[in-house]
Structures are given as structure tokens and as C-alpha cells.
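Q: Residues per chain are reported as follows:
Number of protein chains: 2
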Amino acid sequence: MSEKLTKRSEDYSKWYNELVIKADLAEHSGVKGCMVIKPYGFAIWEKMKEILDKKFKETGHSNAYFPLFVPKSLFEAEEKNAEGFAKECAIVTHYRLKSDPNNKGKLIVDPEAKLEEELIVRPTSEAIIWNTYKSWIQSYRDLPILINQWANVVRWEMRTRLFLRTSEFLWQEGHTAHASKDEAMIETTKMLEVYSEFAEKYMAMPVIKGVKSENERFAGADETFCIEAMMQDGKALQAGTSHFLGQNFAKAFDVKYADKEGKLSYVWATSWGVSTRLMGALIMTHSDDDGLVLPPLLSPIQVVIIPIYKSEEERKKIEDLASEMTTQFNSKNISVKFDNDDNRRPGWKFAEYELKGVPVRITLGARDLLENKVEIARRDTKEKYSINIDVLYSHVENLLIEIQNSLFLKAIDFRKQHTFIIDDYTEFKNVIDKNPGFYLAHWDGTAETEEKIKSETQATIRCIPLDGDQTEGKCMFSGKKSVGRVIFAKAY
Amino acid sequence: MSEKLTKRSEDYSKWYNELVIKADLAEHSGVKGCMVIKPYGFAIWEKMKEILDKKFKETGHSNAYFPLFVPKSLFEAEEKNAEGFAKECAIVTHYRLKSDPNNKGKLIVDPEAKLEEELIVRPTSEAIIWNTYKSWIQSYRDLPILINQWANVVRWEMRTRLFLRTSEFLWQEGHTAHASKDEAMIETTKMLEVYSEFAEKYMAMPVIKGVKSENERFAGADETFCIEAMMQDGKALQAGTSHFLGQNFAKAFDVKYADKEGKLSYVWATSWGVSTRLMGALIMTHSDDDGLVLPPLLSPIQVVIIPIYKSEEERKKIEDLASEMTTQFNSKNISVKFDNDDNRRPGWKFAEYELKGVPVRITLGARDLLENKVEIARRDTKEKYSINIDVLYSHVENLLIEIQNSLFLKAIDFRKQHTFIIDDYTEFKNVIDKNPGFYLAHWDGTAETEEKIKSETQATIRCIPLDGDQTEGKCMFSGKKSVGRVIFAKAY
Numbered sequence: 001m002s003e004k005l006t007k008r009s010e011d012y013s014k015w016y017n018e019l020v021i022k023a024d025l026a027e028h029s030g031v032k033g034c035m036v037i038k039p040y041g042f043a044i045w046e047k048m049k050e051i052l053d054k055k056f057k058e059t060g061h062s063n064a065y066f067p068l069f070v071p072k073s074l075f076e077a078e079e080k081n082a083e084g085f086a087k088e089c090a091i092v093t094h095y096r097l098k099s100d101p102n103n104k105g106k107l108i109v110d111p112e113a114k115l116e117e118e119l120i121v122r123p124t125s126e127a128i129i130w131n132t133y134k135s136w137i138q139s140y141r142d143l144p145i146l147i148n149q150w151a152n153v154v155r156w157e158m159r160t161r162l163f164l165r166t167s168e169f170l171w172q173e174g175h176t177a178h179a180s181k182d183e184a185m186i187e188t189t190k191m192l193e194v195y196s197e198f199a200e201k202y203m204a205m206p207v208i209k210g211v212k213s214e215n216e217r218f219a220g221a222d223e224t225f226c227i228e229a230m231m232q233d234g235k236a237l238q239a240g241t242s243h244f245l246g247q248n249f250a251k252a253f254d255v256k257y258a259d260k261e262g263k264l265s266y267v268w269a270t271s272w273g274v275s276t277r278l279m280g281a282l283i284m285t286h287s288d289d290d291g292l293v294l295p296p297l298l299s300p301i302q303v304v305i306i307p308i309y310k311s312e313e314e315r316k317k318i319e320d321l322a323s324e325m326t327t328q329f330n331s332k333n334i335s336v337k338f339d340n341d342d343n344r345r346p347g348w349k350f351a352e353y354e355l356k357g358v359p360v361r362i363t364l365g366a367r368d369l370l371e372n373k374v375e376i377a378r379r380d381t382k383e384k385y386s387i388n389i390d391v392l393y394s395h396v397e398n399l400l401i402e403i404q405n406s407l408f409l410k411a412i413d414f415r416k417q418h419t420f421i422i423d424d425y426t427e428f429k430n431v432i433d434k435n436p437g438f439y440l441a442h443w444d445g446t447a448e449t450e451e452k453i454k455s456e457t458q459a460t461i462r463c464i465p466l467d468g469d470q471t472e473g474k475c476m477f478s479g480k481k482s483v484g485r486v487i488f489a490k491a492y
Numbered sequence: 493m494s495e496k497l498t499k500r501s502e503d504y505s506k507w508y509n510e511l512v513i514k515a516d517l518a519e520h521s522g523v524k525g526c527m528v529i530k531p532y533g534f535a536i537w538e539k540m541k542e543i544l545d546k547k548f549k550e551t552g553h554s555n556a557y558f559p560l561f562v563p564k565s566l567f568e569a570e571e572k573n574a575e576g577f578a579k580e581c582a583i584v585t586h587y588r589l590k591s592d593p594n595n596k597g598k599l600i601v602d603p604e605a606k607l608e609e610e611l612i613v614r615p616t617s618e619a620i621i622w623n624t625y626k627s628w629i630q631s632y633r634d635l636p637i638l639i640n641q642w643a644n645v646v647r648w649e650m651r652t653r654l655f656l657r658t659s660e661f662l663w664q665e666g667h668t669a670h671a672s673k674d675e676a677m678i679e680t681t682k683m684l685e686v687y688s689e690f691a692e693k694y695m696a697m698p699v700i701k702g703v704k705s706e707n708e709r710f711a712g713a714d715e716t717f718c719i720e721a722m723m724q725d726g727k728a729l730q731a732g733t734s735h736f737l738g739q740n741f742a743k744a745f746d747v748k749y750a751d752k753e754g755k756l757s758y759v760w761a762t763s764w765g766v767s768t769r770l771m772g773a774l775i776m777t778h779s780d781d782d783g784l785v786l787p788p789l790l791s792p793i794q795v796v797i798i799p800i801y802k803s804e805e806e807r808k809k810i811e812d813l814a815s816e817m818t819t820q821f822n823s824k825n826i827s828v829k830f831d832n833d834d835n836r837r838p839g840w841k842f843a844e845y846e847l848k849g850v851p852v853r854i855t856l857g858a859r860d861l862l863e864n865k866v867e868i869a870r871r872d873t874k875e876k877y878s879i880n881i882d883v884l885y886s887h888v889e890n891l892l893i894e895i896q897n898s899l900f901l902k903a904i905d906f907r908k909q910h911t912f913i914i915d916d917y918t919e920f921k922n923v924i925d926k927n928p929g930f931y932l933a934h935w936d937g938t939a940e941t942e943e944k945i946k947s948e949t950q951a952t953i954r955c956i957p958l959d960g961d962q963t964e965g966k967c968m969f970s971g972k973k974s975v976g977r978v979i980f981a982k983a984y
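Chains as they are written, first to last, in my numbering: chain A, 1 to 492; chain B, 493 to 984.
Just so you know, these hints were derived from the structure itself, not from any lab. Mixed in with the good hints, there may be bad ones.
To be verified - Cross-link-like lysine to aspartate or glutamate pairs, in silico, DMTMM-like; alpha carbons within 25 Å at most:
id, chain 1, residue 1, chain 2, residue 2
1, A, Lys57, B, Asp833
2, A, Lys57, B, Glu519
3, A, Lys382, A, Asp288
Said to hold, decoys possible - Some chain B residues flagged as far from chain A (calculated, every beta-carbon gap over 12 Å):
id, residue
4, Arg633
5, Ile678
6, Tyr694
7, Ser705
8, Asp714
9, Asp725
10, Leu789
11, Thr818
12, Gly839
13, Tyr877
14, Ile879
15, Phe912
16, Leu958
17, Asp961
We put the CB at the ideal spot given by N, CA and C, even for glycine.
Okay, chain A solo, but in the shape it has when bound:
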């Protein structure tokens, strides 16, 4: 821990960048646009993975693994998808290096080892997976296929930000194949529900479920569903997407199944994914000017115990107690760290674990212990108080639940305060910068209007909320008929 973070009110973006680095979550690597996810950051991602993986399995999915590379001819088979990703593809063209004849000890690409067909590093795996499904699907008996993959993907980015936008990122991608349109649509919305529940219950991050406008749809999808969250600067962050792919990939790869009567039909598809971008969403939903604030359910360390002592005798007594506490907490599935590092003062440690977002801090002071008391500090509210050790375990157990709930309610409240109904476009242009947030407005449903609004305000339609206001009105931009309000916001 060195000097303080930039305040959010001074420079939100700088605050975020500093926090990610100082809390040891991630850093930029020696490879342009790629990040290193550091152990502490990765431990949070691992918790997310574990919970999501369990939910995918409970909903009938299995994990598998498909190749990192997509041959160009497969990549371009589904034209819209290919077009959507073509401009951000890393491309492998050679398979061997050789010694540089002009520079001892250095290597050059061997021009004789040029691939006959270039390989695209997967930006998403629909193409390679549907080329595989082709041989797996003959009859209705082979359906549905419900597969998920945890993988790295690459989408070349010129301007990157840790977790939010990097050339390589980690994600999961579900790819399912179904006999009917209805079944595929049910799967699409089921997985949206899984994401939404995960975001709200575990990340303590409220999300709005909705459908993307055509402009914002996944390249190759018939319909993209999403969950949108609001960050503390009032911007929207797309936290997960679930795509109804129709028969687009089945047609591109000629994947048909025979029904009970032997009639051949194209297969229906979905895909859905969340990525390490969720780390950015988590950070920006709860954290404050002192650092990270983590919901207990995703915190690698839920309780940190910090000793304060002067004599060797006090030290011994505190260490025994801390060891007993660790056992007790662990038996309640609460993860604890006892930080008895002699090289650091308690004050340094307080700041350090605040920065790292540990939900509960227990200070074991020799003097308090004489009265059988310890000091509790809540990371989220900064509240501090003494309690009797006799009630410590059940108290902390409840406190963790309380913090989890409280973070969610606070975020809900923040979103409510930054969500506005708007009907006047001139006013919208004025307020979207001054008072960023979600603006519920009528829209005429055309891509043209959306693009004009975007070019004038940088705000986009984040989604058409599934349970939004569906009373008719007039588009705030064109005055034409609208079938309901959509959410306009600036977005990450």
C-alpha cells in the first residue's frame, strides 16, 4: 500500500485503473493489450467460475473443449458472424521460427513454414463448434446438445482497459443445439435467468434483463438477450449475453437432424457467455475511495484477523486465540486469514485489507481481550464496534449475510436514483452528460434513429427491458410511434 487512490469524484476512470493495480487484481503485460490476472484477482474469478459452473451443470450442461484456432474457411462460413469479428482477429500464418542468419542468438519467422490456410485465434467459437456438431447430429435422438466451454478468446483491441476491454480475455461460452425453435428460445432465456440470478445473488449487482436492438445484437444471432448493470458513474455495463442463433449456424454448416418420421430439418442454436469483464463490473458496482469492496459470497478472504500486542506473552495468547477462531470460522465455511506478519504495523494492515475489500476485519487487541472483547470493522459501511467473544461466531456469520444484502440494496438504490424517464430529446442531450444514468425513453424502433442519437450523444440503447414499460408513445427523437420505453445510456 502506497499513497491513496484518486477519488471517484475527481476522476472515476483513473480511480478504477489505480484500484485494479493497487488491490493486486491485474496488470498490463509485456504483450500489447493482454493482461496478467494476479493471484488475488484470479481467486475472485475462480469463485465466480465455481458458482457459475455448478449452475450450468445443474441446468443440464456439460463442459468440453474445442480448438483455439479456427481455419479461415470455417470462420467465414457464417457471413454475419465473420464480418462482425473480422476486424479484430489475431491471425496465425506460420508454424516455425528459425535462427536469424544475420543476428546470432535471434530468431526469425521461417518463410518456408507458411500455413496453407491461415488460422484465426478464436474470438468466439460458434464456427469451430458447429463444424464439430455437424458430425454429432444425425437424428432427434442426438438432441439437445448442451455444452459449455471455459476458455480464452482473443479480440484485437487498440484501446484496452484491465478486465473491461483486453485483447485476450477469459470467459465461458455455452453452445447448445435443439430440435425446435421453442426449445432453443427456452434455453436462451433460461441461461439469461442463470446469469441474472448469479449477478444479483452472488455479485450483489442488480441487473436489468432485456433484448438488444438490432444494432447491438451479436453478429450471427437472431436475437440477443442481455443483463445490463449500472456502474457508479452512471454508465451501463453489459454483464452477460444469451443469444438465440436461430438456424443461422446450422445453415452455414449444413447441420440437419432427422425427426421420428425421418424428415430432415435444420437444427436450432443458442450461445451464451460471461467473461472476466464481470470482474470490472464487480469492482465498479461496490468499491469506494479506499479501495475494493467485495460481496462476502465472492470474497477469497471473508474475515481478516489482525493482532495488536506489545509483549511476547500477549503475542502468544493472541496467536492461540486466532488459531481457535480460524478453526471455528472454517467449521462454518467462513474463510479467514490471520495476518501475524511482524514486518507490518496494524495501521498498514488495516489500510491494506480495506484496499483489498475484505468484508469483515477482527482486531485482536491485548487490552480488549482482558475484557473478553474484540473489535469488528465492516468494510462496506466502515462501522466499528466491540463485541463479546462469546457471540463472535454467530455474529460474524450473520454479519456476512447482512453485508451481502446491504451491498445489493445499496446498489439497487443507486440505480433507482440514477434512472430517469425522459420524453424530450433536447433535454436528454443536456442531461446525459451532466447526470449520467439509465434514461427510459420512447424509440421508434429504427436503427437509423438509434445511430443518430448515438452519434450526437454517445448514448446507445442498452436494452429493451423484458419487464419494461410497454405502453405506446412517441419516439423522443423522431416523434414516430413507439411500442414502449427502452434504456438509453452511455456504456462501457
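Fit chain B to the supplied structure of chain A, relying on the hints for placement.
A: For chain B alone, coordinates are given in the frame of chain A:
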């Protein structure tokens, strides 16, 4: 399940290839040299990962994630390492595709999007990681660094075999940094021990711990330790390696630490890894002519329950019982599948789960049930018998332990029968083909001798066993002095 597998005695290699495909473990993909790991195969790999990951964490390691790409200038920094992998590197040279002006709907690599510096798809991550550690390490307080990464790597292969040799594979790679040589050496052997225990206890695969000769050492290591297993065709398979990297990477990337007195020294390093190759090892250690044989501790399904009934009434009764059994087994942490698929006959199912290596099969026959009995079939020995339902749960629990142990003992026995002491090189040349196995022979310690033996027999030194015969003798090839016996074998 279609026709039978080729027998091992007829064509071992063909048997293996067929088994991997028919048991739904993996298949070749549309990308040359890359495999698709299918859900059933991946479920076994997930079990391995879970156990290993736990062991890495118990030994103090954390997971992190480093970039997929290594800029060429970093890649070539450690010259021996670079030289060792240069000939099998996939190289990214461009970052954008564009529409092919001569071929509507097709894409070409955009020549204007050529990277200034080529990126190597990681064949291993020492270079990118040590370039990162450079900024993490200043003082002895920053050490040790104990990090592991689960990742995909690419080593271009012309001739591939599923799991054993593919251009892309999945693995874990540990990368640690230490203040002293001793500490790094302790780490190297500690992780070898972790691998060896995992192989023997979970995979039921006996391994020999040893050191590689210089010829077989990891490029960039001072010393490579390994575990070597024997497959059923008498060939050796290197199942895991742990490298003592000395100060090679610290010197290449200029990574120094200040000790308590402020004196600067280069940091000491280790790296260690196992990969999806372990799947190949697992398959070839235990399986038979009827298919896969899985040790219970790694089997995604430990018990399969298959119903046999005629009437609807019998079906109902059996389904109720199966449901009760599932609950009971699950409460003992035994994974069960009840296969009540109406479209398949019991005989088909018997063969299918044999092929898939499920350790225990329970047949619920309506007639047996009248006598309160069920039929048990062991996958490994093919033994079948009836037992009373009252003792079923504890019986199966013990049976799974018994199968696990029995597979290990059988493999130990096989290895013993195929391990020979040999002193005569002419005889060796004769028997190594006729009677493949591990040959314990004296060797003069020179790379020259090793190479000559390899070129004449295709056998290599698999390792110098850590607890091998260290009495002096004469090299079987050169007659020169030898300090102990090493293992010669043909290898995967």
C-alpha cells in the same frame, strides 16, 4: 456402441485410437493437429484438475493467468528455451481480416494489419512469466512466488495422436521464484512428489521418479525431474515433469532480489507441469479389449444402475428403488447414473458402460428383486455376482476401494513383469522389440552413447531413477565406467 474394438494384441495403437473415439473421450477437429475433448473425456480431465488444484493449493500455490501470446523478443531471451521450441511455434503475424475484393463473402488477411513484432502462441510460459516477475521482485520479502496456471499451449506437431501428441493441449504450469538454490531444489522435488502421489493414488498408475539425462532435459532447465509410467505395450510414457531452472530465466530477464543486507542476487526458479497427456496414460494403463477401465477415484460415473423389467408395474417398482439407491449412494459421495432409457436394451447398455469404463454396474432385475437381490458386475475383473440389497451400500463402497487398489496392484505387477536387468548390448538390441519394457542398464553418462543407442534401437533413457541401483558397473554400449543403472525404453 457399434462393432468391437480392435484387440490390443492385434494392433495396440489402433486399439487406442478406436477406444478414444468410441468411448466418447475425444476426436480430431477441423483444425489440423487440434483435438476436441468431448464431454465424457472432459469430465475425467475435470476430476484430475480438481484433485491436482487442491494439492497445489495445499502446498502453498495460488493460481493466476498470463497472456497466451509471447512477443518474439521476449521469447528469444532465454536462448536454450527459445531454441528448444522454435521449430514448433504457431506465430501470429496479423491482427485483422478484410473482405476479399475478388471473392464476395470471403475474407483475406489484411496486409496493412501486419504486427510490428510477431507474437508466439505460448508453447510454455517461462518467458512471459519471468518478464512479469521482473517487476514483482525487488527484495527477499517478495519471495518465494508460488504460482500455477491452468492454460492451453500450442506446440506445432506434424504427426498427432489424441491426448498423447496434439498441437494444442491443456495443461497446468507452475512457475516459482526463490531466494536460494536449496529452496528452489526443494520445491522441484516437492512437486515431483505431488505428481507421483497423484499418479499412484488417484490414477492407480505406478510411476518411477527420476532425473532426465541431458538429452531429454527441458530446454532452459538445469535439471529435469520426471515421473515415468509403463503402458500395456511396454512403452514408457512421461507423465509429468518438474524442472529446476537454476538462474537461467532470472539472468535472461535480469531478475534480481536484494537480501536483508541489500546485496543483489539472481533469483532461482522452478517450473512443473502435467497435461491432458495424462488422459492417454490413464487409458493405456488400465483399459482392455472391451474398452476403458477407470479407477473409481477418477470416474465421472462410479456406479451405473440398469433396469430389466417387462411389465409397467415392474418398471415402477424398479424406478422407485433406483431413486432410493441414488439418494443412498450420493449420501456416501458415490456418483451414480440410473439409465432408464427406453430406447436401448439392457445388453446394449452393458456393453456401452463397459466401453466407458464405469467401475461398478448394478442390474435391477424384476426377478432378482423378488428375492431382495441385485446383480453386481465389476468392470475391471468382469466378475458378476448377486448380493442382498441389505448389504448393497457398504458392499459397493468397499468394492470401489478394492477396485482402485486392485488396478494399482495389477499395474505394478505388469511393470514388474516387464522390467529387466540387462548388461549385454547385443541382447538388448534383440529383446527391446521382441519384449518391450523397462531395461535397467549401465550407461557411461555421455550424450554420445545415448544418441547412438537411440539411433540403433529407438530406445531412450527414460530417467535415472531416484531410488535406482547405484552400484558401479560398465556401460552396456561402450564398456566405460557407469555410476549406476538407468532405464532404457521406447517411449510415447
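Q: Determine for every hint whether it applies to the structure shown.
A: Against the structure, the hints come out as follows:
1. Our distance criterion of 25 Å between C-alpha atoms is met by Lys57 (chain A) and Asp833 (chain B), whose separation comes to about 20 Å.
2. Annotation: proposed proximity of Lys57 (chain A) to Glu519 (chain B) holds, straight-line Cα distance about 23 Å (limit 25 Å).
3. A distance of roughly 11 Å separates the Cα atoms of Lys382 (chain A) and Asp288 (chain A); the hinted pair therefore holds under the 25 Å criterion.
4. At roughly 7 Å from the closest C-beta of chain A, the C-beta of Arg633 (chain B) falls inside 12 Å, breaking its exclusion from the interface.
5. Every C-beta of chain A lies more than 12 Å from that of Ile678 (chain B), the closest at about 21 Å, which supports listing it as non-interface.
6. At the 12 Å boundary, the C-beta of Tyr694 (chain B) stays outside the reach of chain A, the nearest C-beta of that chain being 19 Å off.
7. Ser705 (chain B), annotated as away from the interface, keeps every beta carbon of chain A farther than 12 Å; the closest lies near 25 Å.
8. Every C-beta of chain A lies more than 12 Å from that of Asp714 (chain B), the closest at about 20 Å, which supports listing it as non-interface.
9. Chain A leaves Asp725 (chain B) outside its interface by the beta-carbon criterion, the shortest separation being 27 Å against a cut-off of 12 Å.
10. Once the 12 Å rule is applied to beta carbons, Leu789 (chain B) is consistent with being away from chain A; the minimum gap is 19 Å.
11. Chain A leaves Thr818 (chain B) outside its interface by the beta-carbon criterion, the shortest separation being 16 Å against a cut-off of 12 Å.
12. Residue placement check: Gly839 (chain B) keeps its beta carbon more than 12 Å from all beta carbons of chain A (closest about 18 Å).
13. At roughly 33 Å from the closest C-beta of chain A, the C-beta of Tyr877 (chain B) stays outside 12 Å, upholding its exclusion from the interface.
14. A cut-off of 12 Å between C-beta atoms confirms that Ile879 (chain B) is not in contact with chain A; the least separation is 32 Å.
15. No beta-carbon of chain A is positioned within 12 Å of the beta-carbon of Phe912 (chain B); the least distance is around 39 Å.
16. Every Cβ of chain A is farther than 12 Å from the Cβ of Leu958 (chain B); the closest lies at roughly 31 Å, confirming the non-interface assignment.
17. Its beta-carbon lying about 41 Å from the closest one in chain A, Asp961 (chain B) satisfies the requirement of being farther than 12 Å from that chain.
Hint check: a violation occurs at hint 4 only; the rest are consistent with the structure.
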